[in-house]
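J.: These are the residues of each chain, in order.
4 protein chains.
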Amino acid sequence: MIYFNCDYNEGAHPSILHMLEETNMEQTVGYGLDPYCERARELILEQCHAPEAEVHFLVGGTQTNTTAISSVLRPHQGVICPDSGHIQVHETGAIEACGHRVIPVPSKAGKISGEQIEEVWRGHWEDEVHEHMVQPKMVYISYPTEYGTLYSLNELEEISSVCRRCGLILYLDGARLGYGLCAKGNTLSLPDLARLCDIFYIGGTKQGALFGEALVIANPLLREDFRYLIKQKGGMLAKGRLLGIQFVALFQDRVYFEIARHANEMADKIREACVRLGFSFLFETTTNQIFPIFTKDQIKKLEKEFNLSFWEKVDEERSAMRICTSWASTEEMVDILIEALEQL
Amino acid sequence: MIYFNCDYNEGAHPSILHMLEETNMEQTVGYGLDPYCERARELILEQCHAPEAEVHFLVGGTQTNTTAISSVLRPHQGVICPDSGHIQVHETGAIEACGHRVIPVPSKAGKISGEQIEEVWRGHWEDEVHEHMVQPKMVYISYPTEYGTLYSLNELEEISSVCRRCGLILYLDGARLGYGLCAKGNTLSLPDLARLCDIFYIGGTKQGALFGEALVIANPLLREDFRYLIKQKGGMLAKGRLLGIQFVALFQDRVYFEIARHANEMADKIREACVRLGFSFLFETTTNQIFPIFTKDQIKKLEKEFNLSFWEKVDEERSAMRICTSWASTEEMVDILIEALEQL
Amino acid sequence: MIYFNCDYNEGAHPSILHMLEETNMEQTVGYGLDPYCERARELILEQCHAPEAEVHFLVGGTQTNTTAISSVLRPHQGVICPDSGHIQVHETGAIEACGHRVIPVPSKAGKISGEQIEEVWRGHWEDEVHEHMVQPKMVYISYPTEYGTLYSLNELEEISSVCRRCGLILYLDGARLGYGLCAKGNTLSLPDLARLCDIFYIGGTKQGALFGEALVIANPLLREDFRYLIKQKGGMLAKGRLLGIQFVALFQDRVYFEIARHANEMADKIREACVRLGFSFLFETTTNQIFPIFTKDQIKKLEKEFNLSFWEKVDEERSAMRICTSWASTEEMVDILIEALEQL
Amino acid sequence: MIYFNCDYNEGAHPSILHMLEETNMEQTVGYGLDPYCERARELILEQCHAPEAEVHFLVGGTQTNTTAISSVLRPHQGVICPDSGHIQVHETGAIEACGHRVIPVPSKAGKISGEQIEEVWRGHWEDEVHEHMVQPKMVYISYPTEYGTLYSLNELEEISSVCRRCGLILYLDGARLGYGLCAKGNTLSLPDLARLCDIFYIGGTKQGALFGEALVIANPLLREDFRYLIKQKGGMLAKGRLLGIQFVALFQDRVYFEIARHANEMADKIREACVRLGFSFLFETTTNQIFPIFTKDQIKKLEKEFNLSFWEKVDEERSAMRICTSWASTEEMVDILIEALEQL
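Note that the protein sequences, when read in sequence, are chains A, B, C and D. Heads up: the first sequence is residues 1 to 344, going by the numbering used here. Heads up: the second sequence is residues 1 to 344, going by the numbering used here. Heads up: the third sequence is residues 1 to 344, going by the numbering used here. Heads up: the fourth sequence is residues 1 to 344, going by the numbering used here.
Source of the hints: derived by calculation from the structure; they are not laboratory data. Since the structure is predicted, the reported quantities are computational estimates derived from the model, not experimental observations. Be aware that a few hints might be false.
Stated by the list, open to error - Dumping the calculated DMTMM-like pairs for lysine to aspartate or glutamate here, alpha-carbon to alpha-carbon at most 20 Å:
| # | chain 1 | residue 1 | chain 2 | residue 2 |
| --- | --- | --- | --- | --- |
| 1 | D | K296 | B | E118 |
| 2 | B | K300 | D | E158 |
| 3 | C | K300 | A | E26 |
| 4 | A | K269 | A | E284 |
| 5 | C | K296 | A | E26 |
| 6 | B | K313 | D | E158 |
| 7 | D | K304 | D | D268 |
| 8 | A | K313 | C | E272 |
| 9 | C | K269 | C | E284 |
| 10 | B | K301 | B | E284 |
| 11 | A | K313 | C | E119 |
| 12 | B | K269 | B | E332 |
| 13 | D | K296 | D | D268 |
| 14 | C | K296 | A | E155 |
| 15 | D | K296 | B | E128 |
| 16 | B | K313 | D | E118 |
| 17 | D | K108 | D | E158 |
| 18 | D | K184 | D | D127 |
| 19 | C | K296 | C | E317 |
| 20 | D | K304 | B | E339 |
| 21 | B | K304 | D | E265 |
| 22 | C | K313 | A | E126 |
| 23 | D | K313 | B | D127 |
| 24 | D | K301 | D | E265 |
| 25 | D | K313 | B | E155 |
| 26 | B | K304 | A | E26 |
| 27 | B | K296 | D | E339 |
| 28 | D | K313 | B | E118 |
| 29 | C | K313 | C | E284 |
| 30 | C | K301 | C | E342 |
| 31 | C | K313 | A | E284 |
| 32 | B | K269 | B | D192 |
| 33 | D | K300 | B | D127 |
| 34 | D | K184 | D | E265 |
| 35 | C | K300 | C | E339 |
| 36 | B | K296 | D | D127 |
| 37 | A | K296 | C | E21 |
| 38 | B | K108 | B | E155 |
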């Protein structure tokens, strides 16, 4: 059985394990104040061209989202989110559990526009009794989106400018950031994110780390006391250096981007095979996630050999599956899958 | 500089790193449903003699406490806790952030008694307007306590019986559980905990794991939907097997207890040296934490070579320091420390 | 200027003021344990044919909804609600502030069906990773709805039976209950509500009281410790008898239903005039709320003399307004309005 | 049976009922935006000499405390409070339910000092790992205290100056404010409160209103979006004018202070009788609450005729009772009580 269902089926990229081992017996202080976290922060800020920004390391995505959002919103404020956004769909109401409404907006292939955001914002303030309603104060988007799609630089600039005009905080979930930044057709860079977003995170878990996310707080107004929030929400590892070490490993020789490029290439091979074989897609993507549409029979056959991710029923006969590659997807695995696709 | 300030200065016990590496390229499902988590659950339940109990793996202590407590309390209910308890002192109000009051009770060397618990409970119900007050519904204790001290089997049985009589849920924080179970004078066993507590956790982070805690829900009434809570509170690792693997490594050859015994022996050596040299202690302990009292000058000298943990001012001239050993404390390190103590 | 914008423009029905005055100097115990609250409970339970149910009095609607919902849900659970429901639209995220997601379902004229509820429930449980999502555990509906429309007995029975089959708690917001129960075409009774719902409330604020809502907990499993929740959420009046007195005044001679009938009759007169004059309606209603559609010019003219409630733009030229009657709407006021409508 | 157990046994001061009746049929807008609320705001601000401050009306004390505190604290922040404070003792964990810890400080007769506050604050910031602990950010005190005692102007100035130096928000609960401001020995005025506190409230419920509290936000930094919070926490009455009307009635002819003076005089008479008869007191007070100490037998006798409030056991034989007067306590009632005391 070969797994293509997600990008976190294996352990960690070897360079990470290697560094964990190498440093294992060193003694350092805890809670993210060690030299490895310091070094990882420097590397990230350099690559973001944002020497003044603040970087914090957290364990996982839900935790990072919860911590960031609850740090900046007041009790009556909510966060605008594509209806496909992770905090809306797959975090068991973690944001609401911290007291805030997620305000879903209809998305197109996982994306929303600046115009949609402005409309929600204006709708709130135009209402005479706006204080009877949740006040939109933050915007959550993902890059790439949960459907593997990408915002263009223009689109992100528009969103950012709407947010600034409306006093909305822009937060970008980069759980799979590298796959986006290294994808064909990508027009964004880390410095763009640091310039256009108030807060964003660079995901490790889904991109070669054992676990871990690096949160960048670009807006200085949002930094106060952030470490308290990390501790309260359970994100402050006693052995905090584990996060620092992993991000040093990922960022010192640009391993993070190599991983992404490799995974994207593997996805491209599968994508091209699908096109060649006449399969259509639920979403057009250039990242490490592909959403080909198969018939029930085809799925049944594939599932004998492969663990894919069921995504969505398309009609009575057909469904979209998610195929996902990662640093650990080998040419060999991909060739076996393509062969199987050819024999459907 | 040698660190004796805590038990999480290094990475992980070699057996853990070894197993992480060995399994690194295996593909498994995520979120704690993999075979390693399964195996770790079996091992733990066997050693608890509690085949019917449920085991969940979480990342850290604050998260485990928050998840367990918020899973079982209703909004008007609070948790009784020694005034030295971790949730009262060192978790940035994580329990309150989930809506519940921590009700502190004066502790003796980190411990409270069944009698004290019953008094709080009775005080609540005897008040005519009890519904104007937080209802005590849970008891939180630690073993060993935050001060390294131990409850006897008799004491825990009394606490447990008070809790059952009063309808209070008994929760035991075992962040350093092994050090307690392997200490001189310990009278408790894992099966005792499974029998006497409703919920307890077996700590990994402070006992040789990179991170991770194993929560045992002994009381079947408290199990429903627990995985939702783990996800919501950020404790559900995508690569959940990392937790399973670590607990297999710790429990399959009783490494967990070896680690504890080793650390306790190293602490014993230091403790005996302190006694021999005439230092007194803030608390009498037999676990891996020692709290000797030094003068300002002595502390100054020690701090040139050693990273100890400042605990508490005793008088104008003297303070208690915490010295903490772990799996990673070598005889050599301990000897250097003893030598330094001798030269004070 | 005559107000028809809502049903809470005046003070209280004279019988209430009268009774408040009459009892003013009596001394009673506080917090809802006085003889007036007792008597009001009896009257309500009699009229519900539910001698075993529990009645609590709270101050306002948002508070009642928040208290009831947070009393029965666990942290990972949410409440299904028509997208037009009050808790979704007009309570400033009060439910989320208690930690729970409101799960909106597209409504037709304010109503949802048993089928829609079942679909949400089934969608949750059929998903493989349901624990990554908010668990639907409660259903919130209003009678009459926020748009003045009514569920039939059949529809409510279907909803109730879906809820019981799916283990969902059924909660009915009766902020304007009397107007519904006394409307033309109504097929429901108080005993039906007590039989089909787990919890519901009988609204006072919008039906002649100064303020106050009577919450009926029909399901005995949901009663435990409810008074703690009332206190915590700010709903326990020191002078609790004020609520008891008002509900005695409303229920002892069926004043509550007289008020509703009068308001509905006044609405009928206006409605019939609108029909006669050729105005169309945004929703078809038989209760005290009417939603006629006017042109911009017509609205401008009306607003010189009347305070109506802007509801919704229908097209570039026309908008729906809400006209609302109450116990305090006189024939004279209604005639003046009709005359104005005739002159548009 | 005559009630002296509290100051909310009767309805409202006649001037309030009178004004409610007089205005009953007027039509006004809702939610606190009506002319009566406007007028009440003006009256209060005039008497506070604080034309720039903001006044909001809420229904009850727990609600006011919860709304004010949750409006200004971030999730990791807590509120310092005398251990006898209402939010600590008698609000069913309402503050914790909004996510914040109440940090109790040992009180003397209900009071704490600036020095104690500074010590808690310094203790937090001096700790190396302060981010592992709840950050004290607000101070809650009551005037008069829950034990009927008073801060002097000097004491309040010291507290205020500590708060400003330490960046702590000073919040004063004035549930019984008038009794304090009109007591013998009082050295404070409304303008002092507006000058020294960031937020405080003027209680109506316990001082002649049916219900209602007037919250004064003196610090302009704390005003933003406060009406959202009122709505969310259930404090925004649909018929908001009921609050405005009551505070106009209380403040237009200084009825509020007359009520207080009368109640204090009645208390003085009882107090003097107790002194004369040789009873001692649990606390020395000059406000409307008296805490004489009686033997079991004496209490038994008194309870045949009077409803007093049991306060606290003093020793095996004796307990303190609370005797409380109000606007509604007549000379006659007081004489009967004194007679009974004489016959004990």
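J.: Next step is simple, just say for each hint if it's right about the structure.
T.: Cross-check of the supplied hints:
Among the hinted pairs, D:K296 with B:E118 is inconsistent with the structure: their alpha-carbon atoms are about 26 Å apart, more than 20 Å. Taken as a hint, the B:K300 and D:E158 pair is broken in the structure, with Cα atoms around 37 Å apart against an allowance of 20 Å. Between C:K300 and A:E26, the direct Cα distance comes to roughly 78 Å. Violation of the 20 Å bound is thereby established for this hinted pair. Taking the CA atoms of A:K269 and A:E284, the gap is about 15 Å. The hint holds against a cut of 20 Å.
At most 20 Å may separate the alpha-carbon atoms for a hinted pair to count; C:K296 and A:E26 exceed this at roughly 76 Å. Using a Cα cut-off of 20 Å, the hinted pair B:K313 and D:E158 is violated, with the two alpha carbons roughly 28 Å apart. Taking the CA atoms of D:K304 and D:D268, the gap is near 23 Å; set against the 20 Å cutoff, the hint is violated. Simply put, A:K313 and C:E272 have alpha-carbon atoms about 49 Å apart, too far for the 20 Å limit, and the pair is violated.
A hinted pair counts as satisfied when its Cα atoms are at most 20 Å apart, and C:K269 with C:E284 qualifies at roughly 15 Å. Our distance criterion of 20 Å between C-alpha atoms is broken by B:K301 and B:E284, whose separation comes to about 24 Å. For the suggested pair A:K313 and C:E119, the alpha carbons sit about 15 Å apart, so the restraint of at most 20 Å is met. Under the criterion of a C-alpha separation no larger than 20 Å, the hint pairing B:K269 with B:E332 is consistent with the structure, at around 12 Å.
Distance hint between D:K296 and D:D268 is unfulfilled; the C-alpha atoms sit about 24 Å from each other, more than 20 Å. Of the supplied pair hints, the one linking C:K296 and A:E155 is violated, its CA atoms being roughly 37 Å apart against a limit of 20 Å. With a CA separation close to 18 Å, the supplied pair D:K296 and B:E128 stays within the 20 Å bound. Annotation: proposed proximity of B:K313 to D:E118 holds, straight-line Cα distance about 19 Å (limit 20 Å).
Proposed proximity of D:K108 and D:E158 is supported: the alpha carbons are some 16 Å apart, at most 20 Å. For a cut-off of 20 Å, the pair hint linking D:K184 to D:D127 is broken: about 43 Å separates their Cα positions. A C-alpha spacing of about 6 Å is found between C:K296 and C:E317, which places the hinted pair at or below 20 Å, so the restraint holds. Distance restraint check for D:K304 and B:E339: the Cα-Cα separation of roughly 76 Å exceeds the 20 Å cut-off, and the hinted pair is therefore not satisfied.
Restraint check for B:K304 and D:E265: not satisfied, since their Cα atoms lie roughly 69 Å apart, outside the 20 Å limit. Simply put, C:K313 and A:E126 have alpha-carbon atoms about 13 Å apart, close enough for the 20 Å limit, and the pair holds. For the hint linking D:K313 to B:D127, the alpha-carbon distance of about 12 Å falls within 20 Å, and the restraint holds. Distance check on the hinted pair: D:K301 and D:E265 sit about 25 Å apart at the alpha-carbon level, beyond 20 Å; violated.
Proposed proximity of D:K313 and B:E155 is contradicted: the alpha carbons are some 30 Å apart, above 20 Å. As the CA atoms of B:K304 and A:E26 are separated by approximately 18 Å, the hinted pair is consistent with the 20 Å bound. With a CA separation close to 66 Å, the supplied pair B:K296 and D:E339 exceeds the 20 Å bound. For the hint pairing D:K313 with B:E118, the CA-to-CA distance comes to about 19 Å; that is within 20 Å, so the pair holds.
For the suggested pair C:K313 and C:E284, the alpha carbons sit about 17 Å apart, so the restraint of at most 20 Å is met. Restraint check for C:K301 and C:E342: the C-alpha separation of about 12 Å stays at or below 20 Å, so the hint holds. Between the alpha carbons of C:K313 and A:E284 the distance comes to roughly 37 Å, so the proposed pair goes past 20 Å and is violated. Taking the CA atoms of B:K269 and B:D192, the gap is near 29 Å; set against the 20 Å cutoff, the hint is violated.
Between the alpha carbons of D:K300 and B:D127 the distance comes to roughly 18 Å, so the proposed pair stays at or under 20 Å and holds. Of the pairs offered as hints, the one joining D:K184 and D:E265 holds, with about 10 Å between alpha carbons and a cut-off of 20 Å not exceeded. Our distance criterion of 20 Å between C-alpha atoms is met by C:K300 and C:E339, whose separation comes to about 16 Å. Only pairs whose Cα atoms come within 20 Å are accepted, and B:K296 paired with D:D127 is accepted, the gap being roughly 18 Å.
Between the alpha carbons of A:K296 and C:E21 the distance comes to roughly 74 Å, so the proposed pair goes past 20 Å and is violated. A distance of roughly 13 Å separates the Cα atoms of B:K108 and B:E155; the hinted pair therefore holds under the 20 Å criterion.
The structure does not agree with the numbered hints 1, 2, 3, 5, 6, 7, 8, 10, 13, 14, 18, 20, 21, 24, 25, 27, 31, 32 and 37 stated previously, though it agrees with the rest.
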